[in-house]
Each structure stands twice: as structure tokens, then as C-alpha cells.
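Model the placement of chain B with the ligands on the given structure of chain A, informed by the hints.
These protein sequence lines map, in sequence, to chains A and B. Taking the numbering used here, the leading residue of the first sequence gets 55, the next gets one more, and so forth. Taking the numbering used here, the leading residue of the second sequence gets 898, the next gets one more, and so forth.
Keep in mind the hints are simulated off the structure, nothing from the lab. In this text, a Cβ means the ideal position worked out from N, Cα and C, and glycines have one as well. Certain hints may be false.
With the C-beta cut set under 10 angstroms, the calculated list includes, among others, these residues of chain A facing chain B [stated by the list, open to error]:
no., residue
1, V59
2, S62
3, T83
4, V87
5, A135
6, V231
7, G232
8, S233
9, A236
Some but not every residue of chain B turned toward chain A, in silico, with C-beta under 7 angstroms [stated by the list, open to error]:
no., residue
10, E946
11, Q947
12, G948
13, G959
14, C963
15, L968
16, I997
17, G1000
18, H1023
19, S1035
20, R1058
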Amino acid sequence: MSVLVPRSLSEALDLLRSDPSATLLAGGTDLMVEINLHDRRPRSVVSLSRIDELKTFHVGDDVVTIGAAVPYADMEHGPLAEALPALAQAARTVGSPQIRAAGTLGGNLGTCSPAGDGLPVLAALDAVVHVVGPDGDRHIPFNDFMVGVKRNSLAGGEIIRSVSIPRSDCWQGYAKVGSRNAMVIATASLCLSRSSSSVTVALGAVGPTIIRAIDAESWLADACDLSLKVPSDVASEFADRVAASARPIDDHRSTAAYRRHAVRVLARRLLERSES
Amino acid sequence: MTKSSPPSLDYRLTVNGRPHEVQDSWIGESLLYVLRERLGLPGSKGACEQGECGSCTVVVDGRAVCSCLVLAASAVDSEITTIEGLGADQALSDVQQAFIDAGGVQCGFCTPGFVVAVHHLLSNHHDPSDNEIREALSGNICRCTGYGRILEAVREVVVRRRSS
Ligand SMILES: Cc1cc2nc3c(=O)[nH]c(=O)nc-3n(C[C@H](O)[C@H](O)[C@H](O)COP(=O)(O)OP(=O)(O)OC[C@H]3O[C@@H](n4cnc5c(N)ncnc54)[C@H](O)[C@@H]3O)c2cc1C
Ligand code: FES
Ligand code: FES
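Okay, chain A solo, but in the shape it has when bound (with noise of 0.2 angstroms):
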């Protein structure tokens, strides 16, 4: 039994070799409260938090590298914010100070519920995830790596080492429905990025995974010309062909009904902001 803090991601990847069943400890915003409830007792543990490497972010002309543990609070103002606003959006909208200053993307995909708000980002963004493992590195592309509710395809002893995605001067925006502002769980959220042949919609909340819809990404580009405003009825068509993509359940949260009618208005609204 043991506590394990490394220094590197080599010294990391060496502990998951010889203990291949510690459990990996990034900002614990996840895991603590799955050991305070006592849902999981770890036997090992070997924390992410004191590698440097994890926790810096690159802000390239055409990548932006994001460290696995750097907390949603460096992403709600500055350079990362700047360079990915919908990101930045998403950021400011996981729970509260304390736990933006302690969470990070690397949890959030490590642990995959589809209300994650960091994930429709990374789906409507076209994120690449990189992960370190014994047999080597893999890049792996948001929409394979989430494969279900709380499900991803790490293999045993990979550690998510980044994630990049591409830059451009496209539109971006993230927006989520909850039951309250501050410290709310989505009820149904959604990324969209725009340029001017072009949309690209991710929807949380609303299905086993993070869902693109992709059936209406390509009828809004072939229903109007996106350099210019789209006309009111279109909007409406491609909210509801947005709406329909979803795969709603009925939770303690909230109605599949309501859901789907959520992603529908979401969906509108942040067209409707793009063009502002």
C-alpha cells in the first residue's frame, strides 16, 4: 500500500509497471469522492500532480497543447482562454473555484461521463488525446477515445499525457442547462464552432457518449452560404436536426423530453452568437 508522488512521467509510467493496479490521482475531484463514499478503496495510488510536464500548456500558431493536469482554473482567463474560448466557456462552468482550481481535463476524460464539460469541446473541437503506456505512445482522436457511459479505451498502465487541439479563426462557443448556476452537473450542454463553410456541433449530457452531429454539421453547409446570416428558417431546421441527433435517457436529473428540447434551444442560441 503506498502513495506514490513522481516527479516525471517516466518515473510515472516505471510505478504503473511494477504496480499496474495503482490507481492514477490527478486534482481528486472525482476519486476523493468516490473513496470519501466509500465506493473505491485504493490499494495504490500514484498522483499526477507533481509532474511538470502535465501541468503546462503550449499556445502554438496551429496546436494548442494542454497538459493533462492543468486545473480548469488556467483555462478560464489568459492565453488558453484566448485561444479557445468555448473551452475557456466550459471551464468557468465545472462546479466552483475550489474545484476548477483542482480539476483537470486528464480527470475529466478519465473518468468520461457524458456530462463532463470539458468533452463536447474536445468532440466539436477535434481534440486529440495523447496518452504514454508501456507499449509506447498513441494519439487518439476525442470521438474514439470516449467509447461509453464513463467508458474510454486507455489500456491498463496508460496515463493521458495531453491534449492538443487544432487552431483557427473559427467561431466557438460552449453552453450547458443546468438546474442552477454555480456547481450544477449539465443537463444537457453544447459546443459549436463555425467558420465560413462550415459547423461543427458536439452535445453532452444527452447519450452514452459526448454525440457530433453530424447529419446536421453537413445539411446546415449545404442549406446556406455560413459567410453570411443564416436565415431564421434554416436556423430552426438545423436546431431540430441537432435536437434529433440526441440520445436522451430519463435520469434523477432531468426528462429525456426536456433534454432534447434543451439541445434544441442551445443549439439555436449559440448560432444565433456566432453571428454577433
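The following block gives chain B with the ligands in isolation, referenced to the frame of chain A:
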């Protein structure tokens, strides 16, 4: 099968500038638990133990976080500041005094978490707007005061610090 005692951990934490030895601890203990139950620092309060209430707020390496969500044994190399580390030698800090003056303390359960969060806010922002104050305290819940007097206390600290 013979019963074996559960394996345990020994480690050292630095709290309010002083080293503290933790012995025979279970691997999954939160920093909140260790502060209160092992180190004799019960100022940080625990209510939800799931990050929702903020009554356990402490500062770890310059960031205000929920101590219930920090795995204690992973904080071995961190600088930890708790409510006990604010204010000089048993005296109240200016934030604590302002909470009392404004009537921002009723049952007092949420108060340590709020006071730590306010100190943290004001160490980064000397003149926060009302919205910035509300945002900075949005992770702290108070069942008693209705928040008005807490906000008043924060504004009062800003004024007093400016004029001193
Ligand atoms: C009060 C509260 C409010 C919350 N509100 C929101 C919210 O509004 N929106 C939201 O999306 N989430 C929310 N969450 C959930 C949580 O904060 C996020 O999912 C966060 O991104 C988790 O990151 P972490 O670093 O704390 O993860 P941890 O708890 O440290 O880890 C989570 C999981 O990921 C694994 N992991 C972590 N890092 C890596 C890595 N680099 N490689 C491989 N596996 C890894 C861990 O082993 C663990 O299984 C909330 C949580 C709380 C307690
Ligand atoms: S006890 Fe930590 S946030 Fe409630
Ligand atoms: S004073 Fe009672 S909870 Fe805040």
C-alpha cells in the same frame, strides 16, 4: 484466513509552515480528516465530503481547494494553509473581525471555509467587484446568513485595507 491489521502509511505534512508527522494512517484519508482527527486542527469543517459546501476550504500551494477532496498522503510536498494559520498569534485576522462586525457569522459552521476563501480572494484581488466576490465565494454554502452580511464583510475588509 488469518486477520491482518490493515496496512498503514506514515508521512509528513507541512501545515501553516510547521511540519506534522502523520502515523498509521489509512491510504484513502482526506486532508480534511487528517487535519481534524490526527493533527489537532479542527478549524476546517466537514459537512458534505464531496466538494459541494466549501466548509473545508484550505489553501494548498497557493490555490484554495476543498480539503475533503485532497488525498492527504499526496500532499507531502505541499504548503498547506488552514484557518488556524490566518491571523497572528491567536488574534483574529481582519477578515474574521469584519465577519463578526458585519454579522456574517450565525451558527459559524461555514465561517472557516468562507474566511479562508476571502483571504485567498483578497490576496489576489485588492479591489474585487461585487460579481468577483460572489463568484469567488460561489463554492461556499451558508445555511444561516443569506449571504448579504458576508458580502458586506468582504467589502468592509477591502475598505479597511485600503485606508490602513
Ligand atoms: C462539487 C463538484 C462539482 C463538480 N462539477 C463538475 C462540473 O460542473 N462539470 C464537470 O465536468 N465535472 C464536474 N465535477 C467532476 C470533476 O471535477 C471533473 O470530472 C474533473 O475534470 C476531474 O478531474 P480531476 O483532476 O479532479 O480527476 P481525479 O479525480 O484526480 O481523477 C478522475 C479519474 O481520472 C483518472 N485520471 C486522472 N488523470 C489521469 C491521467 N492523466 N491519465 C489517466 N487517467 C487519469 C483517475 O484515475 C480517476 O479515475 C465536479 C466534481 C465535484 C466534486
Ligand atoms: S466538506 Fe469539503 S466541500 Fe463539503
Ligand atoms: S453561519 Fe451557519 S452555515 Fe453559515
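Comparing the hints with the structure gives:
1. For V59/A, the shortest C-beta to C-beta distance to chain B is roughly 6 angstroms, which falls under 10 angstroms, so the interface hint holds.
2. With 10 angstroms as the threshold, the beta carbon of S62/A stays out of range of chain B, its nearest partner Cβ sitting at about 14 angstroms, so the hint is violated.
3. Below 10 angstroms, beta-carbon pairs count as interface contacts, and T83/A has one with chain B at about 5 angstroms; its hint therefore holds.
4. With a cut of 10 angstroms, the hint placing V87/A at the interface with chain B holds, because the nearest CB-to-CB distance is about 5 angstroms.
5. For A135/A, the shortest C-beta to C-beta distance to chain B is roughly 15 angstroms, which exceeds 10 angstroms, and the interface hint is violated.
6. Violation of the interface hint for V231/A is found here, the shortest Cβ-Cβ separation to chain B being roughly 18 angstroms, above the 10 angstroms cut-off.
7. Taking 10 angstroms as the C-beta contact cut-off toward chain B, the hint placing G232/A at the interface is violated, the least distance being around 13 angstroms.
8. Checking S233/A against chain B by beta carbon gives a least distance of about 13 angstroms; that is not within 10 angstroms, so the hint is violated.
9. The restraint placing A236/A at the interface with chain B holds, with a minimum CB-CB distance near 4 angstroms, inside the 10 angstroms limit.
10. Nearest Cβ of chain A to the Cβ of E946/B: about 4 angstroms, under the 7 angstroms cut. The hint holds.
11. Because the beta carbon of Q947/B sits about 5 angstroms from the nearest beta carbon in chain A, less than 7 angstroms, this interface hint is met.
12. Because the smallest distance between the Cβ of G948/B and any Cβ of chain A comes to about 6 angstroms, under 7 angstroms, the interface hint for this residue holds.
13. The interface hint given for G959/B is broken, as the beta carbon of that residue sits about 9 angstroms from the closest beta carbon of chain A, more than 7 angstroms.
14. The closest approach between the C-beta of C963/B and any C-beta of chain A is roughly 5 angstroms, which is under the 7 angstroms cut-off, so the hint is satisfied.
15. The interface hint given for L968/B is met, as the beta carbon of that residue sits about 6 angstroms from the closest beta carbon of chain A, less than 7 angstroms.
16. Taking 7 angstroms as the C-beta contact cut-off toward chain A, the hint placing I997/B at the interface is violated, the least distance being around 24 angstroms.
17. Proximity of G1000/B to chain A is violated relative to the hint, the smallest CB-CB distance being about 24 angstroms (cut-off 7 angstroms).
18. Of the supplied interface hints, the one on H1023/B is violated, with its beta-carbon coming no nearer than about 17 angstroms to a beta-carbon of chain A, more than 7 angstroms.
19. At a threshold of 7 angstroms, the smallest CB-CB gap from S1035/B to chain A is about 4 angstroms, leaving the interface hint in force.
20. Taking 7 angstroms as the C-beta contact cut-off toward chain A, the hint placing R1058/B at the interface is violated, the least distance being around 21 angstroms.
Going down the numbered hints, you'll see the structure goes against 2, 5, 6, 7, 8, 13, 16, 17, 18 and 20, while the others check out.
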